[in-house]
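Generate the whole structure from the sequences, applying the supplied hints.
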Amino acid sequence: MTAVRTTCRRHAATAMKHQVRQITSALLALLASASVLCACGADPAAPAVTDAPDTDVTAADTAAQTEPLIDWKSAGLEQVDYNGEEFHFAVQNITANTYAWFMMDPDEANGEVLNDAIFNRNAKIEELFNISITSVYDDNPHNLIKKSVSAGDAAYDATLCYLNNLYAIARDGNLYNWYDLPNINLEAEWWDQTFISQLTLMGQLYGCSGDISPAMNIRCFAMLFNKDMCNSLGIEMPYQYVLDGTWTLDRFRGYVTDINSDLNGDGVMDYEDRWGFFSEDGNSYMYYCSNGGSVVTIDGDTAYLSFNTAPNVELATEAIALTINPETTLRANKMVDASTLGWTAASNWFAEGNALIRSTSLEPVPRDFRSLDVNFGIVPYPKLDESQKDYHSMGDNASARVIGVPVTSDAEFVSTILEVLAAESVNTVSTAFYDRCLDGKIMRDEESSAMLDIIFANKVFDLGLIYNLGSFKDKLVSQEKKGSTDVASVFASIEKTAQKALDKVLEDFEALASN
Numbered sequence: 001m002t003a004v005r006t007t008c009r010r011h012a013a014t015a016m017k018h019q020v021r022q023i024t025s026a027l028l029a030l031l032a033s034a035s036v037l038c039a040c041g042a043d044p045a046a047p048a049v050t051d052a053p054d055t056d057v058t059a060a061d062t063a064a065q066t067e068p069l070i071d072w073k074s075a076g077l078e079q080v081d082y083n084g085e086e087f088h089f090a091v092q093n094i095t096a097n098t099y100a101w102f103m104m105d106p107d108e109a110n111g112e113v114l115n116d117a118i119f120n121r122n123a124k125i126e127e128l129f130n131i132s133i134t135s136v137y138d139d140n141p142h143n144l145i146k147k148s149v150s151a152g153d154a155a156y157d158a159t160l161c162y163l164n165n166l167y168a169i170a171r172d173g174n175l176y177n178w179y180d181l182p183n184i185n186l187e188a189e190w191w192d193q194t195f196i197s198q199l200t201l202m203g204q205l206y207g208c209s210g211d212i213s214p215a216m217n218i219r220c221f222a223m224l225f226n227k228d229m230c231n232s233l234g235i236e237m238p239y240q241y242v243l244d245g246t247w248t249l250d251r252f253r254g255y256v257t258d259i260n261s262d263l264n265g266d267g268v269m270d271y272e273d274r275w276g277f278f279s280e281d282g283n284s285y286m287y288y289c290s291n292g293g294s295v296v297t298i299d300g301d302t303a304y305l306s307f308n309t310a311p312n313v314e315l316a317t318e319a320i321a322l323t324i325n326p327e328t329t330l331r332a333n334k335m336v337d338a339s340t341l342g343w344t345a346a347s348n349w350f351a352e353g354n355a356l357i358r359s360t361s362l363e364p365v366p367r368d369f370r371s372l373d374v375n376f377g378i379v380p381y382p383k384l385d386e387s388q389k390d391y392h393s394m395g396d397n398a399s400a401r402v403i404g405v406p407v408t409s410d411a412e413f414v415s416t417i418l419e420v421l422a423a424e425s426v427n428t429v430s431t432a433f434y435d436r437c438l439d440g441k442i443m444r445d446e447e448s449s450a451m452l453d454i455i456f457a458n459k460v461f462d463l464g465l466i467y468n469l470g471s472f473k474d475k476l477v478s479q480e481k482k483g484s485t486d487v488a489s490v491f492a493s494i495e496k497t498a499q500k501a502l503d504k505v506l507e508d509f510e511a512l513a514s515n
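Here the sequence shown is numbered in the numbering used here, starting from 1 and rising by one per residue.
Simulated from the structure, these hints should not be mistaken for lab results. Each residue gets a CB set at the ideal place from its N, CA and C atoms; glycine is no exception. Keep in mind that a hint or two might mislead.
Computed beta-carbon distance windows for the label pairs [to be verified]:
1) 168 / 232: 45 to 53 Å
2) 80 / 245: 45 to 53 Å
3) 297 / 488: 18 to 26 Å
4) 79 / 153: 25 to 33 Å
5) 342 / 152: 35 to 43 Å
6) 453 / 326: 30 to 38 Å
7) 353 / 513: 53 to 61 Å
8) 514 / 353: 54 to 62 Å
9) 478 / 457: 28 to 36 Å
10) 478 / 153: 37 to 45 Å
11) 492 / 300: 25 to 33 Å
12) 193 / 139: 30 to 38 Å
Computed list of lysine-lysine pairs in DSS-like fashion (alpha-carbon distance at most 25 Å, straight line) [to be verified]:
13) 146 / 504
14) 334 / 475
15) 500 / 475
16) 334 / 481
17) 475 / 496
18) 334 / 482
19) 147 / 504
20) 504 / 475
21) 496 / 482
22) 481 / 496
Below, the structure written as structure tokens:
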């Protein structure tokens, strides 16, 4: 589909925001120039005035300082003057709390490290390419894209929305295949190579993420552990086991077994007591995917169901058993449903020292734990056993937020801006995201950064989970709630429905490939 790109007159608020960014960029440039002039004008005969030596500088710091800077120039694209063109994002709503990790376009710098990194990145690219970046927030931005494409207009240049919704509208031809975007280098380090390799089917990819936004990484699932409880119980922190490759299911069981304690003595184990493992509905499929379990396997130009095999049935059975074990595990959902705080209630409960280990997405780390008095660490989900080569961390195959490009947009313009934004983000936005997650006493140790590296490098995405073929996720959660580990009959019962749904997905992708 071809459409003429239209440019509307900017609203006053947009113009003001752009003006603020121009001033910010100018000040940054002025400061940099002043620094150079001062250095050039110094008296070479005068003794240098220095501060006291920084005794905290390490070899790692020195190495980091000598690494080549990655910025927009690394993309190798020509700087273009777009004459004030607006770049419009349609973004998934971020509720009343404006969490920077879900934003593509902060309104202003506010002193928060991640917010300001995104704001300053945008300001720099806006200045260099003479554009204005704006965002529209909506509960269903994928529907905005559908309506825009249906109308044949170019109201939006890109969207940051839920992965499952993005892939739902992709099947109807609403989105560009990323391999067809002319100025996107999908082999570049600023695009998530794990995501790309796992979801490329028939040479097609309809969403992507990477350094350009932390909105996908923040929705990875991992485990938090209470360091103070480890110390008080005489338990070694699990970091070294992760690094040694020996953080396994058996090792995990050793951590959470014999921790339960009926603190109030009422004979009932509930939220008033101490637990080994604090989990949630869906932990079974999180663990399943973290140990090599799959729903669909992509093989080049085709894909096939892979869940109903003996190893995967055994793995899913083990995952449910772990999730429902009354001797170790308490699920958070009843507490969350009963609280006006939502999932923050679960964070508060864990911070009070009521469980040794918690499974969760990473989102509560920057959202909740910065303000809570808890000393915790983070590790990936454990391996099934030591023969498993890598740790895997399930990405949120539903509500991870990724970028899509509507087919009515100007592919040359959009791909240029996305590419330079992504490259510019490597040493700015991504660094700030780590700082946001690791800042303060909550996660100040070096091991925490290494754990995030492992988690982000080994995310798991599965087309079968994105489309929830055969209601796979729902069925496992249903078994959790029933307290049943009968996976074999469930997998057998959904296989035919899942196959029919997969056949339709493949048919749609074949049709897209032929267009």
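Could one say that the CB atoms of residue 168 and residue 232 fall in the range 45 to 53 Å? 48 Å, holds
Given the range 18 to 26 Å, decide if the beta-carbon distance of residue 297 to residue 488 lies inside it. 20 Å, holds
Return holds or violated for the Cβ distance of residue 342 and residue 152 against the range 35 to 43 Å. For residue 152 against residue 342, whose Cβ atoms are near 40 Å apart, the range 35 to 43 Å holds.
Satisfaction of the hinted span 53 to 61 Å by the C-beta atoms belonging to residue 353 and residue 513: Since the Cβ atoms of residue 353 and residue 513 sit about 54 Å apart, the hinted range of 53 to 61 Å holds.
Assess, step by step, whether the Cα of residue 504 is no farther than 25 Å from the Cα of residue 475, and give holds or violated. Within the cut-off at roughly 21 Å; holds.
If you check the beta carbons of residue 478 and residue 457, does the distance land in 28 to 36 Å? 32 Å, holds
For a C-alpha distance cap of 25 Å, please report whether residue 496 and residue 482 respect it. Measuring from Cα to Cα gives roughly 23 Å; hence the hint holds.
Can you tell me whether the CB distance of residue 478 to residue 153 sits inside 37 to 45 Å? 43 Å, holds
Hint says 30 to 38 Å; check whether the CB-CB distance for residue 453 and residue 326 agrees. At roughly 35 Å between Cβ atoms, residue 326 and residue 453 fall inside 30 to 38 Å, so the hint holds.
Hint consistency between residue 147 and residue 504 [alpha-carbon to alpha-carbon, up to 25 Å]: Between residue 147 and residue 504 the Cα gap is close to 23 Å, so the pair holds against 25 Å.
25 Å Cα cutoff - pair residue 475, residue 496: Status holds; Cα separation ~14 Å.
Does the beta carbon distance between residue 79 and residue 153 stay inside 25 to 33 Å, or does it fall outside? 28 Å, holds
Every hint from the earlier list agrees with this structure, and none is contradicted.
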